[in-house]
Amino acid sequence: MSRLTAFLAVSLVAVLTSVAALAEPADLARSLKSHVTDNWVVPDVFGDAELIQVTAVLQMNPDGTLNGTPEVTVTDDGGQSDATVQAYVDSVRAAIDRSQPFSLPADQFDVWRTIEISFNLKEESGK
Amino acid sequence: MKLLNAATLVMLCLGALGATLSPATAQLRIDITSASVDPLPVAVTDLHGETATTRELGREIAEVVRGNLSRTSIFRLINPAAYLESPEDVLVRPNFTNWRPLDAQALATGSVRIESDGQLRTEFRLWDVFGASQLTGLVFRTTPENARRIGHIISDAIYKRLTGEEGYFDTRIVYVAESGPPDRRVKRLAIMDQDSANHRYLTDGANLVLTPRFSPTQQVVTYMSYVGNQPRVYLYDIDTGQQEILGEFPGMTYAPRFSPDGEKVVISMARNGNSDVYVMDLRTRVTARLTRHLAIDTSPSFAPDGDRLTFNSDRSGTQQIYTMNADGSDVQRISFGEGRYATPVWSPRGDLIAFTKLLKGRFYIGVIRPDGTGERILTESFLDEGPTWSPNGRVLMFFRQIPGDDNGRGGSVRLWSVDLTGQNLREVATPIDASDPAWSPLTPLEE
Numbered sequence: 001m002s003r004l005t006a007f008l009a010v011s012l013v014a015v016l017t018s019v020a021a022l023a024e025p026a027d028l029a030r031s032l033k034s035h036v037t038d039n040w041v042v043p044d045v046f047g048d049a050e051l052i053q054v055t056a057v058l059q060m061n062p063d064g065t066l067n068g069t070p071e072v073t074v075t076d077d078g079g080q081s082d083a084t085v086q087a088y089v090d091s092v093r094a095a096i097d098r099s100q101p102f103s104l105p106a107d108q109f110d111v112w113r114t115i116e117i118s119f120n121l122k123e124e125s126g127k
Numbered sequence: 128m129k130l131l132n133a134a135t136l137v138m139l140c141l142g143a144l145g146a147t148l149s150p151a152t153a154q155l156r157i158d159i160t161s162a163s164v165d166p167l168p169v170a171v172t173d174l175h176g177e178t179a180t181t182r183e184l185g186r187e188i189a190e191v192v193r194g195n196l197s198r199t200s201i202f203r204l205i206n207p208a209a210y211l212e213s214p215e216d217v218l219v220r221p222n223f224t225n226w227r228p229l230d231a232q233a234l235a236t237g238s239v240r241i242e243s244d245g246q247l248r249t250e251f252r253l254w255d256v257f258g259a260s261q262l263t264g265l266v267f268r269t270t271p272e273n274a275r276r277i278g279h280i281i282s283d284a285i286y287k288r289l290t291g292e293e294g295y296f297d298t299r300i301v302y303v304a305e306s307g308p309p310d311r312r313v314k315r316l317a318i319m320d321q322d323s324a325n326h327r328y329l330t331d332g333a334n335l336v337l338t339p340r341f342s343p344t345q346q347v348v349t350y351m352s353y354v355g356n357q358p359r360v361y362l363y364d365i366d367t368g369q370q371e372i373l374g375e376f377p378g379m380t381y382a383p384r385f386s387p388d389g390e391k392v393v394i395s396m397a398r399n400g401n402s403d404v405y406v407m408d409l410r411t412r413v414t415a416r417l418t419r420h421l422a423i424d425t426s427p428s429f430a431p432d433g434d435r436l437t438f439n440s441d442r443s444g445t446q447q448i449y450t451m452n453a454d455g456s457d458v459q460r461i462s463f464g465e466g467r468y469a470t471p472v473w474s475p476r477g478d479l480i481a482f483t484k485l486l487k488g489r490f491y492i493g494v495i496r497p498d499g500t501g502e503r504i505l506t507e508s509f510l511d512e513g514p515t516w517s518p519n520g521r522v523l524m525f526f527r528q529i530p531g532d533d534n535g536r537g538g539s540v541r542l543w544s545v546d547l548t549g550q551n552l553r554e555v556a557t558p559i560d561a562s563d564p565a566w567s568p569l570t571p572l573e574e
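Chains as they are written, first to last, in the working numbering: chain A, 1 to 127; chain B, 128 to 574.
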């Protein structure tokens, strides 16, 4: 095996390993997204709330519960009234609380020790 | 090259999911881009009282709140029979672990007591069950007779805190109460709370009344009445019962309606056989003509900013909806669908115009944007007519006639409401037949 071939083989193993490692968080993210979406209940009168964007940073415990209060930040108020933005933030907090405990693989706790979720109703929501 | 593609593919998949791993912080990131549009689950306990009287008042207020919220499509009332805590238990602070299993997103609690001067003191709190925190709180002092109204004000506070929009519960409906056979119909002006309580008649039925409309700024109604054959436009102060004639108008007069500042009335008047839109200043009583066309121009309604009006005209050959500037300039036709359009009413939010549509013998209530796009039909029946907006622009009320049999028996005309979504169609209870409803603004609060 030439040195170049050996290098490529080692690189292949390294990349495939990273592919396997990354594929699982992707599944994790898909499952987490579905879980939180199901628990995010919004009323049918949020007006132009699709213009609002809120980010929540969750510090997690290994058992899937929250470690402390999520840090919720309005990253874009979309020009909506304070009352609408406040109601939107409340619905985000309720979605996070209602999602507990998060069912996440304990052996990947390092991956989800901190979760950042962006909430934005850009897609049509369903009943 | 293939290795690069594999790595790129993985990154693209993660990107498509909206999820990334940040190596620096080992943080999992996701984007939530849709939600479940469902009624918000809410629990409302009876308000706590120490005596039988105050317990009854507390129950009455809570019943008003529960009734209001349950008639919307926004909230889902959790059955009080499922509550694990009593009104007394939640007086200081609820035990939220008893409410989370019920999936209550918000919990309303409170108390009532009669003070030494006979005044009713009501405390109300709204709690975030999952966040275990108070969302809002209110205290009222008033006479016990106002218990129902306190229920409406609390309902509006809950609606606003949980949706971000003003509510519409502390409001009233004025309408035309109808009785008697078709050829001798008695039409009286009547008023009631939006939940049909506190119903009373404002006129005695001696004269025919038509088209009552609320002032957007005061508890004043304008309406038309025929005294003999002479049409008169009246102003009626709901609180004082005082009535004054705005004017006696020659010929046919239709559909007076206030401007958003309550200082003017727009009206359709037929002079020399030609119906046009006019505006009258209520202080000077000076009238200005806004449309000048040989066609029939009727049913004017101001936009909430007062800059434009919508009205009805057959100038294109069929009855259609138009808009124009408040001085009558820049007339634009906005409806182009099949059928005839009537009674356009501009939403208090400004974003839509509600209308009655007649197509192939059926009547419809619908909405359209002021630029003529986005027409949507909300209701359909033998006869649906005369939409009026809730003050927050989320609900429409109208009247629906159900035909009688060949002998004229069994027919009725009643008030109905429907959400802007076209869902939540409900009959609004009235003691007798009812037509031409007009929704009041939110009733002002006294400090």
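Incorrect hints may have been included.
Here chain B is said to cover these stretches of chain A; the calculated rule only asks that three of the stretch's residues, wherever they fall, bring their Cβ under 8 Å from a Cβ of chain B [stated by the list, open to error]:
| no. | segment |
| --- | --- |
| 1 | 27 to 37 |
| 2 | 78 to 84 |
| 3 | 89 to 100 |
| 4 | 104 to 115 |
The hints are simulated quantities; they were obtained by calculation from the structure and are not laboratory data.
Every residue gets a Cβ at the ideal spot worked out from N, C-alpha and C, and that includes glycine.
Results of checking the hints against the structure:
Judged by the Cβ-Cβ criterion of 8 Å, the segment 27 to 37 of chain A is covered by chain B as claimed, because 7 of its residues qualify and three suffice. For the segment 78 to 84 of chain A, the stated coverage by chain B is satisfied: 4 residues place a CB nearer than 8 Å to a CB of that chain, which reaches the threshold of 3. For the segment 89 to 100 of chain A, the assignment as covered by chain B holds, since 7 residues bring a beta-carbon within under 8 Å of that chain's beta-carbons and 3 suffice. Only residues whose beta carbon comes within less than 8 Å of a beta carbon in chain B count, and the segment 104 to 115 of chain A has 6; three or more means the coverage holds.
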